Amino acid sequence: MSKEWPLWEVFIRGQHGMSHRHVGSLHAPDAEMAIKNARDVYTRRNEGVSIWVVEAKHIAASSPSEKGPLYEPSESKVYRHPTFFDIPDDVGAM
Amino acid sequence: MYAQMVKSTGKGVKSREEMTEEERHFQDRVDADEKIEPKDWMPEGYRKTLIRQIAQHAHSEVVGQLPEGNWITRAPTLERKAILLAKVQDEAGHGLYLYCAAETLGISRDELTEKLLDGSMKYSSIFNYPTLNWADIGAVGWLVDGAAIMNQVPLQRTSYGPYSRAMIRICKEESFHQRQGYDIMMKMAKGTPEQKRMAQDAMNRFWYPALMMFGPSDKDSVHSAQSMAWKIKINTNDELRQKFVDQTVPQAEYLGLTIPDPDLKWNEETGHYDFSEPDWSEFYEVLKGNGPCNTERLEARRKAWDDGAWVRDGLMAHAEKRAARRTAAE
Ligand SMILES: [Fe+2]
Ligand SMILES: [Fe+2]
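If you read the sequences in order, they're chains L and R.
Each residue of the first sequence is one higher than the last, beginning at 1 in my numbering.
Each residue of the second sequence is one higher than the last, beginning at 1001 in my numbering.
A hint or two may mislead.
Said to hold, decoys possible - No more than 25 Å apart at the CA atoms, straight line, and that leaves these computed lysine-lysine pairs for DSS-like:
{"no.": "1", "chain 1": "R", "residue 1": "K1011", "chain 2": "R", "residue 2": "K1035"}
{"no.": "2", "chain 1": "L", "residue 1": "K57", "chain 2": "R", "residue 2": "K1035"}
{"no.": "3", "chain 1": "R", "residue 1": "K1115", "chain 2": "L", "residue 2": "K3"}
{"no.": "4", "chain 1": "R", "residue 1": "K1321", "chain 2": "R", "residue 2": "K1122"}
{"no.": "5", "chain 1": "L", "residue 1": "K57", "chain 2": "R", "residue 2": "K1321"}
{"no.": "6", "chain 1": "R", "residue 1": "K1007", "chain 2": "R", "residue 2": "K1048"}
{"no.": "7", "chain 1": "L", "residue 1": "K57", "chain 2": "R", "residue 2": "K1039"}
{"no.": "8", "chain 1": "R", "residue 1": "K1122", "chain 2": "R", "residue 2": "K1007"}
{"no.": "9", "chain 1": "L", "residue 1": "K57", "chain 2": "R", "residue 2": "K1048"}
What the hints assert, rightly or not - Computed far set for chain R versus chain L, every beta-carbon distance over 12 Å:
{"no.": "10", "residue": "E1037"}
{"no.": "11", "residue": "G1093"}
{"no.": "12", "residue": "Y1099"}
{"no.": "13", "residue": "E1103"}
{"no.": "14", "residue": "K1172"}
{"no.": "15", "residue": "D1238"}
{"no.": "16", "residue": "N1267"}
{"no.": "17", "residue": "D1313"}
Said to hold, decoys possible - Where chain R lies over chain L, by a calculated footprint (3+ residues, C-beta under 8 Å):
{"no.": "18", "stretch": "12-21"}
{"no.": "19", "stretch": "82-93"}
None of these hints come from the bench; they were simulated from the model.
Just so it is clear, the structure is predicted and the values come from calculations on it, not from any experiment.
Glycine is no exception: its CB is placed at the ideal position from the N, C-alpha and C atoms.
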């Protein structure tokens, strides 16, 4: 069996001034072809105005077992949300 | 369905007492409709069953291009040709979305392709039937994509994140497929007597193969019970088949076509149509490789794979050479 084309992760910016969002992955020999393939696979119905591709092996990801140490610290910091503070109605919109 | 008779562990669903701590935690997440993501812990049986199911679905999308591709060059108008081309291109896309989902479970796309080509993985029985004339393209879009939608819509809620996301993309594109098929059928059924005869003939040949797509009754299957507990199967085959019949009968009536089943009738009591089962011995023969087009379909895929080898290798070699040159220049 010959060598398999590497896997690329595809990120697309939709029409509406949004950030690029991960939409899926595909195989391609290089970045140029990956963008061309991404155009055909992921934007057949005007789903995007810009494409990013990153070879999958270059993506570092957090591991599910780190969930606790990573995200629990923010759970107790409720004062980071505006609803924590009671502002009297008389003050008006804030 | 596009995935038919997918074998699960075959051991039946474990009781909570029989489960390990990890399995119980996993099942709780599935029961709570949490999505399972690639890096999360999952039972080995879940992973293996999903690979089989998603791959079979992907292979079906890819092989499914062949019967329709057969008519692209002979579509009756330029507009019909452009539409059919877009439809078939969507199916290629569906195959790719699904291969990617399967790859997150630790198998490569090339391995999956090899398994299709050596016959160890299957694709849906429906694509082993020929498309003999233009009316068949209408019948395929209307009935085959229609049956596929029945199965794919609930699968958007499946427990495995990447599979669910692939199904959501696919479902967005499918209703165009079914509508373009029905549109062809409307034209034919309201056309000349000859066109109407062709439409009826296509309906006669595709009706039972479409019913077979859902697979034989699985209400007592241990494989299905496990898959349903894991939410990689949402409805039984009989439920989906009934839904499909109930939806399709009025559509056929509108076209003025007769469903080729003398026993088909509305059942006031159940609120559903009664209908005849397809010939399941034919279904098993098709699965074994003895359908009208099995050999032709696999040969076409093998030829595409073999003939494309030099392109895949050439592009890879070119990419490596350019990367090496870039590194040297830095
Ligand atoms: Fe499809
Ligand atoms: Fe389709």
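Results of checking the hints against the structure:
no., hint, result
1, R/K1011 with R/K1035, "24 Å, holds"
2, L/K57 with R/K1035, "24 Å, holds"
3, R/K1115 with L/K3, "17 Å, holds"
4, R/K1321 with R/K1122, "37 Å, violated"
5, L/K57 with R/K1321, "19 Å, holds"
6, R/K1007 with R/K1048, "9 Å, holds"
7, L/K57 with R/K1039, "15 Å, holds"
8, R/K1122 with R/K1007, "12 Å, holds"
9, L/K57 with R/K1048, "23 Å, holds"
10, E1037, "7 Å, violated"
11, G1093, "5 Å, violated"
12, Y1099, "9 Å, violated"
13, E1103, "7 Å, violated"
14, K1172, "8 Å, violated"
15, D1238, "33 Å, holds"
16, N1267, "41 Å, holds"
17, D1313, "5 Å, violated"
18, 12-21, "violated (count 0)"
19, 82-93, "violated (count 0)"
In the structure shown, a violation is registered for the earlier hints numbered 4, 10, 11, 12, 13, 14, 17, 18, 19, in ascending order.
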